[in-house]
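*Asks:* Starting from the known structure of chain A, arrange chain B on it as the hints suggest.
Going down the list, the sequences are from chains A and B.
Numbered per the working numbering, the first sequence spans residues 1 to 218.
Numbered per the working numbering, the second sequence spans residues 1 to 225.
Relax, there's no trap hidden among the hints.
Computed list of lysine-lysine pairs in DSSO-like fashion (alpha-carbon distance at most 27 Å, straight line):
#, chain 1, residue 1, chain 2, residue 2
1, A, LYS54, B, LYS114
2, B, LYS55, A, LYS106
3, A, LYS54, B, LYS102
4, A, LYS80, B, LYS82
5, A, LYS113, A, LYS53
6, B, LYS102, A, LYS53
7, A, LYS113, B, LYS102
8, A, LYS53, B, LYS114
9, A, LYS53, B, LYS126
10, B, LYS126, A, LYS41
11, B, LYS145, A, LYS53
12, A, LYS53, B, LYS143
13, B, LYS82, B, LYS201
14, A, LYS127, B, LYS49
15, B, LYS56, A, LYS113
16, A, LYS118, B, LYS126
17, B, LYS114, A, LYS112
No lab work stands behind these hints, which were simulated from the structure alone.
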Amino acid sequence: MADEVVLLDFDLSMFCIRVKIALAEKGIKFEDKEEDLVNTKSALLLQTNPVHKKVPVLIHNGKPICESLIIVEYIDEFWKDNAPLLPTDPYQRAQARFWADFVDNKVHEVAKKIWTGKVEEHEAEKKELIENLKQLEEVLGDKPYFGGDTFGFLDVALIPFYKWFSTYEKVGKLKLDCPKLIDWANRCLERESVSTFLSDENDVYEFVLSHRKRIGVD
Amino acid sequence: MAASQEEVTLLGVTGSAFVCRVQIALKLKGVEYKYVEENLGNKSDLLLKYNPVYKKVPVFVHNEKPIPESLVIVEYIDETWKHNPILPSDPYQRALARFWSKFIDDRVVGAAWKAVYTVDEEEREKNVEESFEALQFLENELKDKKFFGGEEFGLVDIAAVYIAFWIPIFQEIGGLELFTSENFPKLYKWSQEFVNHPVVKESLPPRDPVFAFLKRRYESLSASK
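This is chain B alone, in the form it adopts within the complex:
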């Protein structure tokens, strides 16, 4: 497995779904690493050095070589530690896994957030609709598989941790009934399987502090109306 001289560090913030993706991948591979909690309101020199382009977390550092962007990191982890594969081996299946992971970033993450965290009513409604449409695509793609990756979870499942853990939290805060078992029975069932998978469960942040933080953000948004 990992050579004894290896240095593996993850720069992150508790409560970030993107950091969580990396943590799930590392846990799946059984890779030991040093975790550095960043303060995004006061970014460390280390973060600015390792991710000068975006200045964001997660940043994964392996033997002093930094890699930002959660999905790029997860593919790197999969290629470096080859057991418990995250991506399938067939090129077409790999292309599909990358497509749906990118879809989650492009069409779900932003829209779902804005479906709650937008002050303007019309704008918010538009995002609710877009989120609904996006989640429907995923519902259709999942079909009757246990995970997007099949019998075991893979890249798309990891990317979708945002849906499984984070969307339920902020939709509760915003009083929005978007991601429910009525609306998306298969996807909802998947989310329960996923968050309860031992590897994922151990990688998720504690719910209450994340809820409290996201609730404060919601309240300050409405207060600024």
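Here chain A stands alone, though its shape is the one from the complex:
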């Protein structure tokens, strides 16, 4: 039976990129439906994600799944026979989930306060962001990937943010200090799934600048 896989997408969203990378790693073909989030949300988005009204939404044979990390786990569990993303050991799985949540709460949320706000009011967040990325470097250690020898769940969770680092620095007037993460990111970029879907960092910068103008902080 042919699977119908549809992704409600926004190409600059790091969360959507996670899903696209996961699908690509598994070799799954999908229909990519770009949402115009700046102007209006489509009826399909509102119908399939009435709770949060956000992308990404994966619609698999008509059944919607929301929240990027939950979608990635679903992809990993449904198409379990190739390219496993989560490790098999329960403790390693717990670690991967813990740190993926950390990326959401302690990298994304913290950084977002900076790039959507008046930079001078967010000195604490700037420090926190720098520290939290260093923390992730410690988690990576000497491994080639967060998943160990293989590209895994936590790699998928974090890599879309790599193309936002230069924007964090420019907009936030800060200097990140995570050379090991840069090496790791470049290693990830050698994978077709990553290089195909990761944003162009200039597009990210332009998006953030126009967003800031629109909300009136610049």
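*Replies:* Same frame as chain A, now just chain B:
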């Protein structure tokens, strides 16, 4: 079941809904464990060692390997002790269970607390509205099931212990009529089933001390107005 050499420890505080989630999971699986009561006003070296990132409870330690974050812990417990499953086996149902559990953390826990424990009137009202909206989503999701997990309770029910036991306590303290059988008949009925389930009943903290503690917090909040 558990190997005789296993060391299972839970760092917690009495009265924490997040710790309770873990206790329910452990009780369901029949896992013996050592409980360590933490003093959050004076955090132990053990807690700081095992959860340096957030410095919070619960922290679950299995054979000296620590895991923080209640829902991550509950999934770990489910994967390690496989009988009496907490998550369903179907990937789509699992995704739904994770979605609604996360929803409770993101949209219910904070808003419901702030619906009572906020001094500013406008801010409090906003949180009452948000709580109401969030609980309505859960009411709709429950439909006519006995538990969110179906015939037996699962991940979402465990996550929702906050709604079943804690919200009624602090809404009574704050004089707020949010979670009632009039407003949410199905969810209310669920909460009665859930808190009276033998496994859950044995895992809940005693109500009076929790009430007293939360009441003191409420009074000190109004006093600081």
